[in-house]
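For the sequence shown, counting from 1, position 20 maps to 20 in the UniProt record's numbering; every step adds exactly one.
Some clues are possibly wrong.
Derived lysine to any residue pairs resembling SDA-like cross-links, with alpha carbons at most 25 Å apart [what the hints assert, rightly or not]:
#1 K68 <-> E94
#2 K81 <-> E94
#3 K68 <-> R28
#4 K81 <-> E48
#5 K68 <-> E97
Quick list of simulated restraints, FRET-style, between CB atoms [stated by the list, open to error]:
#6 C60 <-> L107: 20 to 26 Å
#7 L104 <-> A49: 28 to 34 Å
#8 G96 <-> P25: 28 to 34 Å
#9 L44 <-> E97: 30 to 36 Å
Note that these hints are calculated values from the structure, not bench results.
Using N, Cα and C, we set each Cβ at its ideal position, and we do this for glycine too.
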Amino acid sequence: MSSGNVIRGTRIGSAPERFEQRIEPAPRRPVTYWCANAHRVQFLIAAEAEAPETWDCPRCGEPAGPDKGNPPGRARVEPYKSHLAYVQERRTPEQGEALLAEALETLRRRRGGA
Numbered sequence: 001m002s003s004g005n006v007i008r009g010t011r012i013g014s015a016p017e018r019f020e021q022r023i024e025p026a027p028r029r030p031v032t033y034w035c036a037n038a039h040r041v042q043f044l045i046a047a048e049a050e051a052p053e054t055w056d057c058p059r060c061g062e063p064a065g066p067d068k069g070n071p072p073g074r075a076r077v078e079p080y081k082s083h084l085a086y087v088q089e090r091r092t093p094e095q096g097e098a099l100l101a102e103a104l105e106t107l108r109r110r111r112g113g114a
């Protein structure tokens with residue numbers, strides 16, 4: 001016999017077992033944005049939440065704004081940079097040579113070389 005402390009299995013998203021246990025969801029309001037490609041993006045946010053100025057369009061990836069007649073401009077595409085390119089932006093060639101020499105010296109000492 002069960003002791004009354006049985007945990008019953010439920011599905012995700014299922015309603016509570018008793019009607020009086022159901023709760024009301026938070027008040028929500030629809031928000032609509034348009035991108036430069038005339039795609040409409042609509043979703044619900046909490047009624048008291050402040051809507052963001054821009055939202056990424058799920059269809060084309062461009063920024064979308066709340067004004068249909070004046071959508072935000074295209075996103076600036078940054079070219080791919082390798083790790084070396086970022087390092088070269090931060091260091092001069094002389095600093096790079098000094099760091100390389102220091103790392104090689106540390107490696108030689110660790111291996112027992114001269």
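Checked against the structure, which of the hints given earlier come out wrong?
1, 4, 5, 6, 7, 8 and 9
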